[in-house]
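Protein sequences, first through last, are from chains A and B.
Be aware that the first sequence starts at 1, since it is given in our numbering, and climbs by one per residue.
Be aware that the second sequence starts at 296, since it is given in our numbering, and climbs by one per residue.
Worth flagging that the hints you see were computed from the coordinates, not collected in a lab.
Every value quoted in this text rests on a predicted model; they were computed, and no experiment measured them.
Among the clues, some could well be false.
Subject to a maximum C-alpha distance of 25 angstroms in a straight line, what follows is the list of computed SDA-like cross-link-like pairs (lysine to any residue) [to be verified]:
1. B:K454 with B:W470
2. A:K14 with B:K418
3. B:K454 with A:T57
4. B:K418 with A:Q23
5. A:K22 with B:G419
6. B:K454 with A:V36
7. A:K17 with A:V30
8. A:K14 with B:G415
9. A:K149 with B:S569
10. B:K418 with B:I511
11. A:K22 with B:G403
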Amino acid sequence: MTTAVKAAKPTAVKAAKATAIKQRTLPMLVMAVFTVYFLTPIWWLFVGASKSSEQFTSTNPLWFADFDLFTNISDLVAYREGVFLRWLLNSVLYTGGAALLGTLLAAMCGYALAKYRFRGRELIFNVVLSGVLVPATALALPLFLIFSKVDATNTFWSVFLPSLVNPFGVYLARIYATASVPDELLEAARIDGSGEVRTFFKVSTRLMFPALVTIFLFHFVAVWNNFLLPLIMLSDERLFPVTLGLYTWNTQVNQIPELRGLVIVGALLSITPLVVAFLLLQRFWRNGLGAGAVK
Amino acid sequence: MTQILSTDIEAKPDETAAKPGRAVKYGWAVPFFVVPFGLLFVLFYLLPIGYAIVQSLYTVERTGTFGPAREVFGGLVQYQRVFENGPFWESIGRVLLFGVVQVPVMLGVALILALLLDSGLVKGRRFFRLAFFVPYAVPGVIAAIMWGFLYSPNLSPLKSVTSVVDLLSADFVLWAMANVVTWVYVGYNMLIIYSSLLAIPTEVYEAAKLDGAGAIRVAWSIKIPLVMPAIVLTTVFSIIGTLQLLAEPQVFRSFSSAVTSTYTPNLTVYSTSSIPNFPLAAAFSVVLALATFVLSFAFLKATQRGDR
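Chain A on its own, in the form it takes in the complex (with noise of 0.2 angstroms):
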């Protein structure tokens, strides 16, 4: 703005413009330093992995050399036949796979808590949230003496299913139908003579849908942060998730330092999907948390 328009103005316009401005100053380099803080390490994993192993020690950090990043990728993809694209895959499956049927379980279980009456509904509902303060990771111990009972750890399955369970997305689920299924609609569905459970699928997950993508973003991240079950239960390298093979080479680095690079691509690869998608469905964390203050 030129001192010429400035001076035009009344005077009390100037200063509040004044004020406004240094008001704005301090939040907004609070907001950039924590933008820094927050994208730098992720600018550093970009960069670095777009580089040679000689010159990620060798130049700036921060900056570019040359941009070897497709090379790179070829090479990991290329490493040991191949497993970190199993990896990639298992992940998908434990992670995507487990919240998406386990959404669906806790949706129909947190549904019926919400819409039917029923001998022994409180005592359910109690104790299934009385599971939201039981830690994934208490239970990771004794799932692997239970499944060595039946000879079934180190399988895909061990993982997977206990994966499925999520207390919170019935808790959740409960809390959304009440809010966003209306008993009229659901009489109206009687009378027409259409069957609980097609009414279910047919009409009330489309009024919850929104929340159900809540869930199940609840229940990814939950999985995809729950290291010490695959930790624990795994042993055969190609049914690891992706977190536990970059895990496993990064302890390899000092007998394997070419190992290094890998690491660092890979888990580029591996969370580049995710802050992609989760920003992409930012807005249902938002709408889903904000839902039980709404009402």
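Could you slot chain B onto chain A? The hints should help.
Coordinates of chain B only, in the frame set by chain A:
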């Protein structure tokens, strides 16, 4: 999340809609909806908890030094061992120290960022919200690997810092990990607090504005008290998370020799089970789960009393 929990009491299902005795009408619908989850919950939640308790009452016995190990009932022997186990209680002390510092810092930053986003003083809110949330998509293991490299003296872009202080030394490594956890979770906690700020109806502020209250005054006297339930709940989840600390220290073991195999309680559980000594590991698990429950419950109670 907090709002959800706190409004639960009001959100009870409509009791009038379904009169008693009508349950018959639903036929098989209720079991159809409840049993699939219920079965898995019993198998993979309740059963393991019960099994851990039973297992912790056993003890490993060997006939001679090289004889086969057998598990025999030992009563509370394992619990006695847990209570006499110095490193375990040291690790509990360590994560408590970690929590006492890290949780308030993390939630303090999350609260300030949420208030700033909500204050109307910040332009480009959408961008900042997204930027702060990005780290939450990074799982703990990968975040720890990334920061481990960033802390390493010869690779780090923070050379000016890492050449002076070794962030991976015994004195600093706990706080180096605190930074990793903070980095991942600030954005998530900020989003929870921010969404409960958005839920406050604007009329609430109008009276304050008429009285000439400034932005800081409004934040302190109106906004913070109103989002207190959100803060309490994020605190409880953070306490649970802190006591369960595993991925970060486990990863840091390859960056720093200062992180021992009993550095946190969960690392103790893991290394005890790899010996293998399952009864003792189960007893550690049970004590840890109980400690977690007591602590988060006590915190909830304490804050509720404060409200009155």
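We went through each hint and held it up to the structure:
1. For the given pair, B:K454 sits about 18 angstroms from B:W470 by alpha-carbon distance, which is consistent with the 25 angstroms threshold.
2. For a cut-off of 25 angstroms, the pair hint linking A:K14 to B:K418 stands: about 20 angstroms separates their Cα positions.
3. With a C-alpha separation of about 12 angstroms, the suggested pairing of B:K454 with A:T57 holds against the 25 angstroms cut-off.
4. A threshold of 25 angstroms between alpha carbons decides the hint, and for B:K418 with A:Q23 the separation of about 12 angstroms falls inside it, so the pair holds.
5. The hinted pair formed by A:K22 and B:G419 meets the criterion: a straight-line CA distance of about 17 angstroms does not exceed 25 angstroms.
6. Only pairs whose Cα atoms come within 25 angstroms are accepted, and B:K454 paired with A:V36 is accepted, the gap being roughly 17 angstroms.
7. As the CA atoms of A:K17 and A:V30 are separated by approximately 21 angstroms, the hinted pair is consistent with the 25 angstroms bound.
8. For the given pair, A:K14 sits about 20 angstroms from B:G415 by alpha-carbon distance, which is consistent with the 25 angstroms threshold.
9. Taking the CA atoms of A:K149 and B:S569, the gap is near 17 angstroms; set against the 25 angstroms cutoff, the hint holds.
10. For a cut-off of 25 angstroms, the pair hint linking B:K418 to B:I511 stands: about 18 angstroms separates their Cα positions.
11. Distance hint between A:K22 and B:G403 is fulfilled; the C-alpha atoms sit about 24 angstroms from each other, no more than 25 angstroms.
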